[in-house]
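Asker: Read off the chains here:
Protein chains: 2
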Amino acid sequence: MISCPIPFTDYPNVLLAHGGGGRLSQQLIQKIFAAQFHNALLDVMHDGAVFAVEGGRMAFTTDSYVVSPRFFPGGDIGALAVYGTVNDLAMCGAVPRYLSAGFIIEEGLPMEELWRVAVSMREAADRAGVSIVTGDTKVVDRGKGDGLFINTAGVGTIAPGVDIAPANARPGDRIILSGAIAEHGIAILSVREGLAFETEILSDAAPLNHLVQSMLAAATSIHVLRDPTRGGVASALNEIASSAKLGIEIDETRIPVRDDVRGACEILGLDPLYIANEGKLLAFVREEDAPAVLAAMRAHDAARDARVIGAVVSEHPGLVVMNTAIGGKRIVDMLSGEQLPRIC
Amino acid sequence: MISCPIPFTDYPNVLLAHGGGGRLSQQLIQKIFAAQFHNALLDVMHDGAVFAVEGGRMAFTTDSYVVSPRFFPGGDIGALAVYGTVNDLAMCGAVPRYLSAGFIIEEGLPMEELWRVAVSMREAADRAGVSIVTGDTKVVDRGKGDGLFINTAGVGTIAPGVDIAPANARPGDRIILSGAIAEHGIAILSVREGLAFETEILSDAAPLNHLVQSMLAAATSIHVLRDPTRGGVASALNEIASSAKLGIEIDETRIPVRDDVRGACEILGLDPLYIANEGKLLAFVREEDAPAVLAAMRAHDAARDARVIGAVVSEHPGLVVMNTAIGGKRIVDMLSGEQLPRIC
Chain Z
374 MISCPIPFTD YPNVLLAHGG GGRLSQQLIQ KIFAAQFHNA LLDVMHDGAV
424 FAVEGGRMAF TTDSYVVSPR FFPGGDIGAL AVYGTVNDLA MCGAVPRYLS
474 AGFIIEEGLP MEELWRVAVS MREAADRAGV SIVTGDTKVV DRGKGDGLFI
524 NTAGVGTIAP GVDIAPANAR PGDRIILSGA IAEHGIAILS VREGLAFETE
574 ILSDAAPLNH LVQSMLAAAT SIHVLRDPTR GGVASALNEI ASSAKLGIEI
624 DETRIPVRDD VRGACEILGL DPLYIANEGK LLAFVREEDA PAVLAAMRAH
674 DAARDARVIG AVVSEHPGLV VMNTAIGGKR IVDMLSGEQL PRIC
Chain L
374 MISCPIPFTD YPNVLLAHGG GGRLSQQLIQ KIFAAQFHNA LLDVMHDGAV
424 FAVEGGRMAF TTDSYVVSPR FFPGGDIGAL AVYGTVNDLA MCGAVPRYLS
474 AGFIIEEGLP MEELWRVAVS MREAADRAGV SIVTGDTKVV DRGKGDGLFI
524 NTAGVGTIAP GVDIAPANAR PGDRIILSGA IAEHGIAILS VREGLAFETE
574 ILSDAAPLNH LVQSMLAAAT SIHVLRDPTR GGVASALNEI ASSAKLGIEI
624 DETRIPVRDD VRGACEILGL DPLYIANEGK LLAFVREEDA PAVLAAMRAH
674 DAARDARVIG AVVSEHPGLV VMNTAIGGKR IVDMLSGEQL PRIC
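Chains Z and L, in that order, are what the protein sequence lines are.
Letter 196 of the first sequence, counting from 1, is numbered 569 in our numbering, and no numbers are missing.
Letter 343 of the second sequence, counting from 1, is numbered 716 in our numbering, and no numbers are missing.
Keep in mind the hints are simulated off the structure, nothing from the lab.
It is possible that some hints are incorrect.
Note: identical chains are not told apart, hence a pair may lie in one copy or across any two.
[Claimed, not checked] Here are the simulated DSBU-like pairs of lysine-lysine, each with C-alpha atoms no more than 35 Å apart in a straight line: (1) K517 - K404; (2) K404 - K618; (3) K517 - K702; (4) K618 - K517; (5) K404 - K702.
Can you build the whole structure from these sequences, using the hints too?
Answerer: Structure below.
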């Protein structure tokens with residue numbers, strides 16, 4: 374990693390003036406953000422980025438990232454801010470193209486941390502194949518923020534024939550999960566609570582757009598895609614059941630959870646179904662498409678462990694029912710309150 | 374105004390759980406944001422909004438809003454978040470179409486305040502003719518934020534033939550200012566410092582996109598547009614002089630400042646050239662286009678007082694020089710530090 378180009382001796386920490394729109398703002402933007410993200414569109418340094426598009430459909434999405442701590446096993450707030458928005462575009466069936474980045478910095482943030490986050494965002498953008506083309510920096514006074522919040526928005530293009538939305542689920546659809554769950558949430562929580570496990574549990578934070586493109590190549594007619602982030606698999610399935618006004622049945626024994634993650638959940642009294650993931654997806658596909666989609670997924674590192682975990686049913690519309698490991702059935706409800714604050 | 378649909382008796386203040394991705398999150402989003410912003414794209418409640426575009430060029434921009442106080446004479450953080458991003462798109466010569474909205478709420482924010490902000494954003498979006506089509510809500514723990522921060526990003530379409538960028542300024546270009554300056558910054562500061570003037574000074578916060586469309590109808594060949602927000606007219610002109618590698622000359626006597634604003638600046642020891650505006654623009658146009666552009670501007674309420682304040686010159690590249698009221702010349706430099714924190 375190239376060292377931070379703003380000398381720490383001059384400005385070891387971000388000052389209010391770095392957000393004031395004057396010379397120090399320009400220096401911060403040029404030497405940290407522009408130095409890392411530079412590309413033909415960003416370098417124009419206009420009020421916005423201008424790019425050509427072909428006619429068709431586009432997807433547009435946004436998320437703010439307030440994760441605490443900012444650096445955690447397997448990722449950091451910067452990588453999360455890129456992958457999260459890339460993945461939201463991918464869940465619309467879009468090819469992510471351009472991201473914006475808005476930084477809300479608390480006065481006093483070490484300049485070196487901001488630099489590390491910018492480096493991480495650039496690496497994440499490279500991995501996902503997107504460009505950060507426009508941005509904004511604000512600084513709030515000490516005690517009025519929490520180090521760093523990042524908002525990213527993104528735009529992407531959708532190929533003809535692709536039509537993905539939660540309401541598109543149909544009875545008989547197979548529900549595919551791309552891999553083991555709950556790793557991101559447990560990685561964050563283990564740092565926050567100072568828990569140590571035999572093996573370090575890493576966040577699964579990863580871009581899913583290349584995986585989705587392979588899936589769409591296998592079956593354009595995928596009905597629904599959803600990344601089970603905040604609220605986990607349980608919340609994502611409930612939202613889809615509610616949107617589609619259909620029932621969902623899943624099998625507990627088919628949902629992969631790593632042993633160490635399951636152990637951590639037991640110690641903490643948490644249900645892995647409600648824990649956030651940042652590199653997993655749920656796909657709803659016609660029964661006849663499931664084998665081809667599964668095969669396409671398993672060819673990717675991000676989804677070697679993909680499997681069918683359930684199906685859409687006409688019964689109990691709006692409800693998610695799980696066949697439990699011990700042979701019973703239980704309703705997997707929407708979480709009512711807060712399980713893990715500031716997980717993303 | 375319809376009263377807030379989340380009963381204050383149940384939830385008078387925003388809880389951490391309102392950002393957790395569960396049932397309370399859904400309630401907040403549905404009853405406050407979706408209730409206000411609803412439109413066909415937002416109502417899908419997917420991970421992103423999907424819309425059709427014609428081939429051509431698009432502009433994409435973002436800004437975060439951290440203004441303190443959140444409500445001020447002539448506006449509030451919600452209206453500012455809409456107009457600011459609409460105006461950044463307009464400054465690219467784009468017709469603003471769709472906005473995203475990301476909310477970072479501090480635990481404990483009165484629910485009624487959030488509702489008022491959502492109402493204000495919807496009114497501002499209606500006035501500007503844009504739709505808020507996708508969004509995100511995060512809640513941070515008490516003491517880790519400052520009530521409410523809002524990020525908006527926006528996309529817009531650019532008509533064929535329009536080519537606006539800071540580097541496009543040319544020697545001989547006339548510089549047009551759309552009206553009196555420094556009102557937004559002084560409105561904020563007067564609240565913050567508890568200053569009272571004979572007449573209340575209101576923020577000039579307003580959408581500039583309709584004005585820009587009239588200007589482009591008068592002369593497609595406008596070279597540069599810039600709204601002088603943070604850092605004021607002085608910073609905007611310096612950035613353009615630096616991008617275009619040309620000099621700028623302006624006349625102090627031609628720059629309109631309302632008497633009460635000038636008085637407030639004198640009391641506070643501030644130079645109006647460096648104070649933020651949120652409803653004014655600078656346009657760089659060929660000398661022969663200036664009369665038509667000025668006439669088009671003066672037909673708009675937002676720019677009745679538009680006038681030429683200077684010109685682009687080949688001399689002193691990168692420098693802004695002002696002919697002062699008392700007959701001298703001075704360099705109008707980029708502000709080095711912080712003048713007014715959290716002005717937008």
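Asker: Does each hint fit the structure? Answer for all of them.
Answerer: Results of checking the hints against the structure:
no.: 1; hint: K517 - K404; result: both (25 Å within a copy, 27 Å between copies)
no.: 2; hint: K404 - K618; result: between (51 Å within a copy, 20 Å between copies)
no.: 3; hint: K517 - K702; result: neither (47 Å within a copy, 41 Å between copies)
no.: 4; hint: K618 - K517; result: neither (42 Å within a copy, 39 Å between copies)
no.: 5; hint: K404 - K702; result: between (57 Å within a copy, 32 Å between copies)
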